Amino acid sequence: KNEVEQSPQNLTAQEGEFITINCSYSVGISALHWLQQHPGGGIVSLFMLSSGKKKHGRLIATINIQEKHSSLHITASHPRDSAVYICAVPPRAGSYQLTFGKGTKLSVIP
Amino acid sequence: SQTIHQWPATLVQPVGSPLSLECTVEGTSNPNLYWYRQAAGRGLQLLFYSVGIGQISSEVPQNLSASRPQDRQFILSSKKLLLSDSGFYLCAWTLAGGPRLSEQFFGPGTRLTVL
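First to last, the sequence lines map onto chains R and E.
This note's numbering numbers the first residue of the first sequence as 475 and each following residue consecutively.
This note's numbering numbers the first residue of the second sequence as 3 and each following residue consecutively.
Wrong hints could be hidden among the right ones.
[To be verified] A few chain E positions that, by computed beta-carbon distances, are all more than 12 Å from chain R:
id	residue
1	Val-14
2	Gln-15
3	Val-17
4	Gly-29
5	Asn-34
6	Gln-40
7	Gly-45
8	Ser-52
9	Ile-55
10	Asn-65
11	Gln-72
12	Lys-82
13	Ser-86
14	Asp-87
15	Ala-98
16	Val-116
[Claimed, not checked] To give an idea of the interface, some chain R residues facing chain E are shown, with a C-beta separation under 10 Å as derived from the structure:
id	residue
17	Pro-513
18	Ser-519
19	Met-522
20	Gln-571
21	Gly-575
To be clear, the hints were calculated from the coordinates, so they are not data collected in a lab.
Everything numeric in this text was worked out from a predicted model, so none of it was measured.
The beta carbon of each residue, even a glycine, is placed where N, CA and C say it ideally should be.
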């Protein structure tokens with residue numbers, strides 16, 4: 475079964491700072507997901523990636539398949555980015571499920 | 003475009019009462035459907051998933067059940083609620099093939115309090 479580790483668990487940043495959240499997993503995967511959970515509970519899919527890098531607005535996700543590691547970057551952070559960011563991967567090849575990391579709680583202070 | 007609906011948004015139920023939560027997806031066919039629960043301050047726990055009508059896989063044995071009577075409808079039920087059933091229930095979907103091939107999209111959630 476895939477083990478998913480996220481770091482840091484909690485992160486406080488000043489508005490405008492560049493933010494990095496890390497995710498490591500133990501078993502080779504076909505795709506890795508980054509999710510954002512808002513304070514009200516709603517969850518939004520940010521990225522699904524299997525190689526390289528993806529960018530959407532101020533968010534950038536990278537993955538290194540050989541090192542089993544992914545990073546989520548937020549440029550020019552804003553208080554509205556305050557949320558829990560969750561990394562998720564399939565637990566094994568062919569699975570229809572996801573194994574979730576424990577999440578990184580980000581607070582961006584004005 | 004695809005949309006996922008869940009209702010009700012909030013629910014307060016007494017212990018021992020029945021439960022029925024409904025989820026429907028629009029704008030896609032033959033999705034994989036998922037029910038998750040998130041207890042207060044905890045991570046997501048997969049309860050059930052379905053790859054087709056009438057096909058339900060259970061991940062956590064408990065007093066909950068799920069059914070998929072139509073392609074884009076997923077129902078979570080209980081005959082008798084327990085205090086430990088309190089939490090935030092999320093329905094989600096992916097394209098056929100699951101999250102190894104497709105993003106997972108979540109509904110707005112139902113916040114259940116069992117008293």
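Against the structure, the hints:
No beta-carbon of chain R is positioned within 12 Å of the beta-carbon of E/Val-14; the least distance is around 16 Å. Separation of E/Gln-15 from chain R is adequate, the least Cβ-Cβ distance of about 18 Å exceeding the 12 Å criterion. For E/Val-17, the shortest C-beta to C-beta distance to chain R comes to about 23 Å, beyond the 12 Å cut-off, and the non-interface label holds. Listed as outside the interface, E/Gly-29 is consistent with that label: its C-beta sits roughly 15 Å from the nearest C-beta of chain R, beyond the 12 Å cut-off.
For E/Asn-34, the non-interface assignment is contradicted: its Cβ lies about 6 Å from the closest Cβ of chain R, within the 12 Å cut-off. With a least CB separation of 8 Å from chain R, E/Gln-40 falls inside the 12 Å interface cut-off, contrary to its annotation. A Cβ of chain R approaches the Cβ of E/Gly-45 within 12 Å, the least distance being about 6 Å, so the stated non-interface status is violated. Not every Cβ of chain R is farther than 12 Å from the Cβ of E/Ser-52; the closest lies at roughly 9 Å, contradicting the non-interface assignment.
No beta-carbon of chain R is positioned within 12 Å of the beta-carbon of E/Ile-55; the least distance is around 15 Å. Once the 12 Å rule is applied to beta carbons, E/Asn-65 is consistent with being away from chain R; the minimum gap is 21 Å. The beta carbon of E/Gln-72 sits about 19 Å from the closest Cβ of chain R, which is more than 12 Å, so the claim that it is off the interface holds. No beta-carbon of chain R is positioned within 12 Å of the beta-carbon of E/Lys-82; the least distance is around 25 Å.
Taking the minimum C-beta to C-beta distance to chain R, about 19 Å, the non-interface status of E/Ser-86 holds against the 12 Å cut. A cut-off of 12 Å between C-beta atoms confirms that E/Asp-87 is not in contact with chain R; the least separation is 17 Å. Once the 12 Å rule is applied to beta carbons, E/Ala-98 is inconsistent with being away from chain R; the minimum gap is 10 Å. Interface exclusion of E/Val-116 from chain R stands, the closest Cβ pair being 17 Å apart, more than 12 Å.
Residue-level restraint check for R/Pro-513 is violated (minimum Cβ-Cβ distance to chain E is 12 Å; threshold 10 Å). Taking 10 Å as the C-beta contact cut-off toward chain E, the hint placing R/Ser-519 at the interface holds, the least distance being around 5 Å. The criterion of a C-beta within 10 Å of any C-beta in chain E is met by R/Met-522, whose closest approach is roughly 5 Å, and the hint holds. Among the interface hints, the one on R/Gln-571 holds; its C-beta lies about 6 Å from the nearest C-beta in chain E, closer than the 10 Å criterion.
Against a cut-off of 10 Å between C-beta atoms, the interface hint on R/Gly-575 holds, since the closest Cβ of chain E lies about 8 Å away.
Consistency note: the structure conflicts with the earlier hints numbered 5, 6, 7, 8, 15 and 17.
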